[in-house]
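Assemble the complex: chain A is given as a structure, and chain B must be docked to it using the hints.
Protein chains: 2
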Amino acid sequence: MKLGLLGPEGTFSEMAAKKWSPGAQLIFMDDMECATRAVDDGSCDESIVPIENSVEGPVGVVMDALLEIRSPIVGEEVLPVRQCLMSRGSLKDIKIIISHPQGLGQCRHYIHEHFPKAEVRTTGSTSHAARLAQEFPEMAAIGCSESAQKYGLKVLREGIQDYAANYTRFIVLGRHKPSPTGHDKTSLAVYLDRDRPGALYDFLGEFARRSINMTRIESRPSKKLLGDYWFFIDVEGHEKDLELREAISALKDKCTTLKVLGSYPRADRA
Amino acid sequence: MKLGLLGPEGTFSEMAAKKWSPGAQLIFMDDMECATRAVDDGSCDESIVPIENSVEGPVGVVMDALLEIRSPIVGEEVLPVRQCLMSRGSLKDIKIIISHPQGLGQCRHYIHEHFPKAEVRTTGSTSHAARLAQEFPEMAAIGCSESAQKYGLKVLREGIQDYAANYTRFIVLGRHKPSPTGHDKTSLAVYLDRDRPGALYDFLGEFARRSINMTRIESRPSKKLLGDYWFFIDVEGHEKDLELREAISALKDKCTTLKVLGSYPRADRA
Chain A
1 MKLGLLGPEG TFSEMAAKKW SPGAQLIFMD DMECATRAVD DGSCDESIVP
51 IENSVEGPVG VVMDALLEIR SPIVGEEVLP VRQCLMSRGS LKDIKIIISH
101 PQGLGQCRHY IHEHFPKAEV RTTGSTSHAA RLAQEFPEMA AIGCSESAQK
151 YGLKVLREGI QDYAANYTRF IVLGRHKPSP TGHDKTSLAV YLDRDRPGAL
201 YDFLGEFARR SINMTRIESR PSKKLLGDYW FFIDVEGHEK DLELREAISA
251 LKDKCTTLKV LGSYPRADRA
Chain B
1 MKLGLLGPEG TFSEMAAKKW SPGAQLIFMD DMECATRAVD DGSCDESIVP
51 IENSVEGPVG VVMDALLEIR SPIVGEEVLP VRQCLMSRGS LKDIKIIISH
101 PQGLGQCRHY IHEHFPKAEV RTTGSTSHAA RLAQEFPEMA AIGCSESAQK
151 YGLKVLREGI QDYAANYTRF IVLGRHKPSP TGHDKTSLAV YLDRDRPGAL
201 YDFLGEFARR SINMTRIESR PSKKLLGDYW FFIDVEGHEK DLELREAISA
251 LKDKCTTLKV LGSYPRADRA
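Sequences listed follow chains A and B, in order. The opening position of the first sequence corresponds to residue 1 in UniProt numbering, with each subsequent residue numbered one higher. The opening position of the second sequence corresponds to residue 1 in UniProt numbering, with each subsequent residue numbered one higher.
Extracted from the complex, chain A is given alone in its bound form (with noise of 0.2 Å):
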């Protein structure tokens, strides 16, 4: 099976895919894009990305690639984030600081405390990051002490996030719809009628009047207009339950698009 996922080895994309599926060949992608795409365009069979983390917020680039591809979301993974310091060089060297910036997101007040001075640069992925280091002693990368290993960086400092209930969340894509497990979660994306008052109360109602449980609401801009927005929506329950088929029926009347991004077993919350 092949799982695709951020590369280059070392990210925390990866110590989600070993938890997700350990014995999956891993196929490294450059960018969360093409990650989320891995699937839709044949090159993996499932393909693992990280959609929130609960400091820094959604991963908008997952997000808007959510609504353009057909294959369903099957499998979700928390994993606790802990993110380390490392370079070849020393504490004292440090010049430049290089992450993804998620990474970077989580870490702001530390790095704004300690090393004011730095200069801050963003990569593609905490991999990335530090196999840049690799080259640069007075350059450090913040990113997971599996990198650090792998890239031959020593880790100055471990857990500097800056909150310390740091997680993120993947999902996972895959070709096949799961089955009902009675402990699911099903992920919608809708585009309502802005002009309408009210239209989001009554679309949430829906859920609210069949005690369906709404987990997360997160919206995202349409990109056509200021003000203009997607919502993305998860909620208990698999879409071929009663109550939530129900549902999802009543609301396709009352929006322009609704799109179930899937219906999976729920990770347990962190």
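Hints should not be assumed to be uniformly reliable.
Repeated chains share a single entry, so a pair holds when one copy, or any two copies, can fit it.
Said to hold, decoys possible - 25 Å max Cα-Cα, derived SDA-like pairs, lysine to any residue:
1) Lys177 <-> Glu146
2) Lys223 <-> Lys254
3) Lys252 <-> Ile217
4) Lys224 <-> Gly23
5) Lys19 <-> Gly89
6) Lys2 <-> Val74
7) Lys117 <-> Asp41
8) Lys252 <-> Asn213
9) Lys223 <-> Asp162
10) Lys92 <-> Met63
11) Lys223 <-> Val120
Honestly, the hints are just simulated from the structure, not real lab data.
Here is chain B on its own, set in the frame of chain A:
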């Protein structure tokens, strides 16, 4: 009047500041968090900061700071954003592309298509990027054309944002709450009881049943747990308007924390 904003000279914030208050003394701050706190800490009478972009979405660092300050939002400005690629060198020299993460995000496809091998670096502002690009001909900054002029760079390409309709909404923080004008908006931040199903639906009902139009809802991690959020909600009307006053009063009983961030005259929708 001292007006704080993200510096150095040449940011989109400067264009918004001049539109907001043409005669104000501009006080350029190091980063968006400082600019958001500038009235609270006494260094400015007002400050202006970006809160959302029509392509890249919310500005998380400003939202996080809004939860902690006391100064009210007193106004808003909407600015069309036209991103330029500028450098001391020419197109074929470019090896490094540098900008604020919002600028990079708004031009992600452009960079991917035209400079697939360029190294991408972030700075605290678009004008900081332009200032840095003065020194290196192999570096191109992304920002507004005004900053090219300011820092002696050539504009190599204009309008490189991925989506033509690219607008940024700025909010203004001040000392005194504005009086109702009949064309107002109110911004709220609410923290609901996450373990009560239907809590958000119930909350939005207080607006819907009074026909109060909601123009924006955005979630932001509480940083305590994955799946635990603050909601940022904008509604039409002033907190002194009878209907909205009643709604807010009813809502205070329904959530753990409700903070009125401000009531202020609406900018016309872009």
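A quick look at each hint next to the structure:
Taking the shortest alpha-carbon separations for Lys177 and Glu146, neither the intra-copy value of 33 Å nor the inter-copy value of 52 Å comes in at or below 25 Å. In this homomeric assembly, Lys223 and Lys254 come within 25 Å of each other (Cα to Cα) only inside a single copy, at 21 Å, whereas the closest approach across copies is 33 Å. With identical chains, the CA atoms of Lys252 and Ile217 are at most 25 Å apart both within one copy (18 Å) and between copies (21 Å). Taking CA atoms no more than 25 Å apart as the test, Lys224 paired with Gly23 passes in neither setting, with 43 Å inside one copy and 33 Å between copies.
In the homo-oligomer, the alpha carbons of Lys19 and Gly89 never lie at most 25 Å apart, since the shortest distance is 32 Å inside one protomer and 47 Å across protomers. In this assembly of identical chains, the alpha carbons of Lys2 and Val74 lie at most 25 Å apart only when taken from the same copy (15 Å versus 54 Å across copies). Taking the closest pair of Cα atoms, Lys117 and Asp41 come within 25 Å of each other only across two copies (23 Å); inside a single copy the shortest separation is 43 Å, beyond that limit. In the homo-oligomer, the alpha carbons of Lys252 and Asn213 lie at most 25 Å apart both inside one protomer (19 Å) and across protomers (22 Å), since each shortest distance falls under that limit.
Taking identical chains as interchangeable, the C-alpha atoms of Lys223 and Asp162 lie at most 25 Å apart only when they sit on different chains, with a minimum of 9 Å there against 31 Å within one chain. For the identical chains of this complex, Lys92 and Met63 are neighbours neither inside a copy (39 Å) nor across copies (33 Å), given an alpha-carbon limit of 25 Å. Taking the shortest alpha-carbon separations for Lys223 and Val120, only the inter-copy value of 23 Å comes in at or below 25 Å, while the best intra-copy value is 28 Å.
The structure is inconsistent with the numbered hints 1, 4, 5, 10, although it conforms to all the rest.
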